[in-house]
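For reference, the chains in residue letters:
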Amino acid sequence: MDRWLKCKVLKGMFSDERAVVVHRRGNGSVQFFVPASSTRGDEWVRVKVFSRSDGSWAEMPTPQRDSVPIAPEEIVS
Amino acid sequence: MILSNTELQAALDHGWIRITPPPEPRQPSVERECPYQTTAVDLRLSTEISCPKNKAPITVDLREGGFKELSDAYYQPFVLTESQPWALKPGTFVLGRTLERITLPIPTSPDQPCYAARIEGRSSYARCGLTVHLTAPTIHANYDGVVTLEICNFGNFTISLFPEMYICQMIFEKVMGIPFRNDSQFQGQTSATGAR
Numbered sequence: 000m001d002r003w004l005k006c007k008v009l010k011g012m013f014s015d016e017r018a019v020v021v022h023r024r025g026n027g028s029v030q031f032f033v034p035a036s037s038t039r040g041d042e043w044v045r046v047k048v049f050s051r052s053d054g055s056w057a058e059m060p061t062p063q064r065d066s067v068p069i070a071p072e073e074i075v076s
Numbered sequence: 000m001i002l003s004n005t006e007l008q009a010a011l012d013h014g015w016i017r018i019t020p021p022p023e024p025r026q027p028s029v030e031r032e033c034p035y036q037t038t039a040v041d042l043r044l045s046t047e048i049s050c051p052k053n054k055a056p057i058t059v060d061l062r063e064g065g066f067k068e069l070s071d072a073y074y075q076p077f078v079l080t081e082s083q084p085w086a087l088k089p090g091t092f093v094l095g096r097t098l099e100r101i102t103l104p105i106p107t108s109p110d111q112p113c114y115a116a117r118i119e120g121r122s123s124y125a126r127c128g129l130t131v132h133l134t135a136p137t138i139h140a141n142y143d144g145v146v147t148l149e150i151c152n153f154g155n156f157t158i159s160l161f162p163e164m165y166i167c168q169m170i171f172e173k174v175m176g177i178p179f180r181n182d183s184q185f186q187g188q189t190s191a192t193g194a195r
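Those sequence lines, one after another, are chains A and B.
Taken in order, the first sequence gives residues 0 to 76; the numbers are from numbering that gives the first Met the number 0.
Taken in order, the second sequence gives residues 0 to 195; the numbers are from numbering that gives the first Met the number 0.
Distance windows between CB atoms, simulated:
1) A:D53 - B:V78: 43 to 51 Å
2) B:S28 - A:D53: 53 to 61 Å
3) A:G40 - B:S122: 42 to 50 Å
4) A:E42 - B:S3: 46 to 54 Å
5) A:E42 - B:M0: 42 to 50 Å
6) B:A125 - A:E72: 50 to 58 Å
7) A:R39 - B:A72: 20 to 28 Å
8) A:R39 - B:F92: 28 to 36 Å
9) B:S123 - A:G27: 41 to 49 Å
10) A:S76 - B:K52: 36 to 44 Å
11) A:G27 - B:A125: 35 to 43 Å
12) B:P27 - A:R39: 41 to 49 Å
13) B:I177 - A:S36: 28 to 36 Å
Derived lysine-lysine pairs resembling PhoX-like cross-links, with alpha carbons at most 25 Å apart:
14) B:K88 - B:K54
15) A:K47 - A:K10
16) A:K10 - B:K54
17) A:K7 - B:K52
18) A:K47 - A:K7
19) B:K52 - A:K10
The set of hints was computed from the structure by calculation and includes no laboratory data.
Quick caveat: nothing in here was measured; it's all calculated off a predicted structure.
No residue lacks a Cβ here, since even glycine has one placed at the ideal position from N, Cα and C.
Produce the complete structure using the sequences and hints provided.
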């Protein structure tokens, strides 16, 4: 299911790409390059969210489908 | 195990590998260059490249996404055309992308094959000093997108980059076993709640 994850959206290296910086729970931040169409404004990136008993993960819209652990309150519909 | 061109075309026909747009023609002809080699397929350069601006060098800390600083301040897109190619001078570097989008779906049943791929340069271009990737040539199973190319001229001559020129080759390999992926890793669990 698609959700929006709070992040920082910056220009990418190509015109149709954005760099998103996602804060990792308790462990700094990570950066991904995603299609511009998967971002909203300068603070949101569309993700798929998966959960199990020990936590939740957001799958980024990268070609490699990178995932990052997140807190449920970081996600909006 | 590397796929032959016939096995690759069969995989494309089954949808186990997707290349969009599909490379054509499938067989050599006198009219058109065939992109299929015996065990690889040639891919083309997309119209947009990303070029470092001429600025004072900076120090980048890669540990926490330090290269995000590079995107806006130090790189600029450039659209290639037939009349305005990019002149890649000796010792310089640009980012490019394949025109083709590669999709390597993870199969949903064990009787379906799973594939990964490798991107490599073309040997004829390499003789001129042109490379198209610096590291990590592997395109993993579950990949879906165009392939970013790190194009560098290690030769002594300026090389012109034109849109849709054949720039690299992709070699496909069969994956042993079915890899887990994010959604199956969490299969059976509920999706997250917590919407504001």
